[in-house]
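A.B. asks: Here are the chains, one letter per residue:
Number of protein chains: 2
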Amino acid sequence: MVEFSSRMDLLKGSEIRELLKLTSRPDIISFAGGLPAPELFPVAQMEEASKVVMEENGRAALQYSTTEGFPRLRQQIAERMGAKNNIKTDADHILVTSGSQQGLDFAARVFLNKGDVVLLESPSYLGAINAFKACEPKFVEVPTDNGGMIMEELDKILATTKNVKMIYVIPDFQNPTGRTWDLDRRHKFMEIINKYEIPVIEDNPYGELRFEGKSMPALKSLDTKGLVVFLGTFSKILAPGYRLGWVFAETEILSKFNFMEQAASLQASTIGQMETSKWIDMFDLDAHVAEIRKVYGKRRSVMVDTMAKELPDCCEFTRPDGGLFTWIVLPEYMDAKELQMKCLEKKVAFVPGGSFFPNGGHENTLRLNYSCMPEDKIVTGITALAQTIKENLK
Amino acid sequence: MVEFSSRMDLLKGSEIRELLKLTSRPDIISFAGGLPAPELFPVAQMEEASKVVMEENGRAALQYSTTEGFPRLRQQIAERMGAKNNIKTDADHILVTSGSQQGLDFAARVFLNKGDVVLLESPSYLGAINAFKACEPKFVEVPTDNGGMIMEELDKILATTKNVKMIYVIPDFQNPTGRTWDLDRRHKFMEIINKYEIPVIEDNPYGELRFEGKSMPALKSLDTKGLVVFLGTFSKILAPGYRLGWVFAETEILSKFNFMEQAASLQASTIGQMETSKWIDMFDLDAHVAEIRKVYGKRRSVMVDTMAKELPDCCEFTRPDGGLFTWIVLPEYMDAKELQMKCLEKKVAFVPGGSFFPNGGHENTLRLNYSCMPEDKIVTGITALAQTIKENLK
Chain E
1 MVEFSSRMDL LKGSEIRELL KLTSRPDIIS FAGGLPAPEL FPVAQMEEAS KVVMEENGRA
61 ALQYSTTEGF PRLRQQIAER MGAKNNIKTD ADHILVTSGS QQGLDFAARV FLNKGDVVLL
121 ESPSYLGAIN AFKACEPKFV EVPTDNGGMI MEELDKILAT TKNVKMIYVI PDFQNPTGRT
181 WDLDRRHKFM EIINKYEIPV IEDNPYGELR FEGKSMPALK SLDTKGLVVF LGTFSKILAP
241 GYRLGWVFAE TEILSKFNFM EQAASLQAST IGQMETSKWI DMFDLDAHVA EIRKVYGKRR
301 SVMVDTMAKE LPDCCEFTRP DGGLFTWIVL PEYMDAKELQ MKCLEKKVAF VPGGSFFPNG
361 GHENTLRLNY SCMPEDKIVT GITALAQTIK ENLK
Chain V
1 MVEFSSRMDL LKGSEIRELL KLTSRPDIIS FAGGLPAPEL FPVAQMEEAS KVVMEENGRA
61 ALQYSTTEGF PRLRQQIAER MGAKNNIKTD ADHILVTSGS QQGLDFAARV FLNKGDVVLL
121 ESPSYLGAIN AFKACEPKFV EVPTDNGGMI MEELDKILAT TKNVKMIYVI PDFQNPTGRT
181 WDLDRRHKFM EIINKYEIPV IEDNPYGELR FEGKSMPALK SLDTKGLVVF LGTFSKILAP
241 GYRLGWVFAE TEILSKFNFM EQAASLQAST IGQMETSKWI DMFDLDAHVA EIRKVYGKRR
301 SVMVDTMAKE LPDCCEFTRP DGGLFTWIVL PEYMDAKELQ MKCLEKKVAF VPGGSFFPNG
361 GHENTLRLNY SCMPEDKIVT GITALAQTIK ENLK
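In the order they appear, the protein sequences are chains E and V. The first sequence lines up with residues 1 to 394 when you count with the numbering used here. The second sequence lines up with residues 1 to 394 when you count with the numbering used here.
Because the hints were derived from the structure by calculation, they are not lab data. Any given hint might turn out to be false.
[Stated by the list, open to error] Only part of the chain V face toward chain E is listed, based on derived beta-carbon distances under 7 Å:
hint: 1; residue: Ser5
hint: 2; residue: Met54
hint: 3; residue: Ala131
hint: 4; residue: Pro199
hint: 5; residue: Arg243
hint: 6; residue: Leu254
hint: 7; residue: Lys256
hint: 8; residue: Ala384
Being a predicted model, the structure only gives us computed values, none of them experimental. Ideal placement from N, C-alpha and C gives every residue a C-beta, glycine not left out.
Construct the entire structure; sequences and hints are all you get.
C.D. replies: Encoded structure:
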């Protein structure tokens, strides 16, 4: 009998990725994944960028390269964070990772021993919870309201909880709720963090995808003590197929992430980095992101307008200003997993919300993705979902 | 003061990757890395394969895909293992990883708790040692001779050591020594393993690169109890720039690797997998590997012939039948790190052997790579190395 490590008792397949297999059938209206809209991918331009890379520098593209990442791409990332997140830094402070999922895995391994406490929003991103579980921490969920994490609760928890080694947050268009912290909360958060000096993982995959309202500064841009580790990704602003994300942190912390990168996979794909970098130099990422924002913004509106019209009054939902997700709170007696089975019969899929709460409960919640379904299917799917909910009211 | 996890006390930057930065200067004759020869990369063909992928299926290539990997590539891998390693399996038993370094990281995380024992050849691959360290195991080094791991020693260690949870081996053209186990040792190894039922990680990046002698069956092909996890990679037979490797294991074990993949980086690059798969379908991997074998075989011969001619008698070295590396044992009083500093003055680089021994010692050893230097530079570099050794004899 082969024995496995204790961490394998905690790691199960992600329900979302299992569901994605099911929902990849073309007859399903899927609000389940977090996929970007493939029709917006700049396929022809990417082909062009790829051709230029191979012709100018093909041998280097196919070879090993440095752990930190392709120098020109690191520079482009630093410049973009300056322009979009008001974060002043340089290429030397960037580590390119295989998607920001790898950044989450490294964060846990850099900061957490078995049994240490990680704080996170309640609910929080399933993929992060899963990555952290591999380090066998205790999860303490910080209560949230429609504006995100409640700072008084965070302060209370930090004052009374031992062994807190890391705080994980998604302040912009959170996965799964779509909520965004306002400026006041961001300042309060940094005050609290500066008091306790706990490292913070700021996960920011969706920040650029704002449809309306004013951009909020990244926590990292307000960080005076070097406590915030910022995770970014090309998955939502360009394409996830290359698996390219990045970590920005102060030198000492970044060097630990760098050691993890060496141990975990040596480096991100050389050719993927060079093609992405070349595409950014040859084409217009700002214009591309503007196009994504326009399309997702309309889909968001269609989804929340349909929910407003069709959902019974006992359901609450968020109206996100950006990102990919909205979130429904059903009546307490209703189980989203059962609802999911019934909706699948009508060929509509979503993710039950329970798995976004690391300590369980909240089975009356669900996450909806609007980025990868056309507007007519959003209307049809949400109407069917609302109908199923109504059929199951007590 | 930010606190780090205890594993970070063990993880340092890889000396090889630090050295690679230094030795990437074109005026250095470097035997330090483990780089494939870039002049053999099929750049134009890869460009063609990339174009076909983008034109036939560009949107899918840029999107997320399944954790397990691109189906056609998994099938090609299964077929190739059948043809080259006498391993009978199918696509369902393959997990594609971001390089086989990621397979090493997953192996440690699947099998090792902190303080568990991992057995490995003495010396063994630095990148594996580094990956395993992130799980804070104890390393027990199994003595070796010119034929690889000594099976009587392995048996003795297993009979007297508690908490052995994993055995890591490279039976073909080992990194760093270039040694290969003969058939008898392979059978003895499997007998011992079957007795103790300990999972084995068989790392096989170089198996196809045999210059002479008869191919040996993979341990996995002799595995009747499902104990062996086989790690393969495209890095040495095609190109490392895509970061693509794979894991083949029995269903229960593979499912654990799959959970790790979800937690660690979701999946390997979609576009990288599709381009590699398309290249294999469009072109001739066997012919390509034959060409690599021819070039590396000649370089190996030039290197060992020069060593035979120039090295003083007090030095021992291996004459590998394949792979990328040879290994020198200097007189006991000589420190390869000091030698390395002196050789760098003469613009010749190698890797001191000490870091291949997880428990230290053996500072009088060094590893030489012959795959990425032309023959004239091999002669010049080895002659300079031998001269420096002679200058430092007592």
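A.B. asks: Now tell me, hint by hint, if it's right for this structure.
C.D. replies: Against the structure, the hints come out as follows:
no., hint, verdict
1, Ser5, "holds (5 Å)"
2, Met54, "holds (4 Å)"
3, Ala131, "holds (5 Å)"
4, Pro199, "holds (5 Å)"
5, Arg243, "holds (5 Å)"
6, Leu254, "violated (12 Å)"
7, Lys256, "holds (5 Å)"
8, Ala384, "violated (25 Å)"
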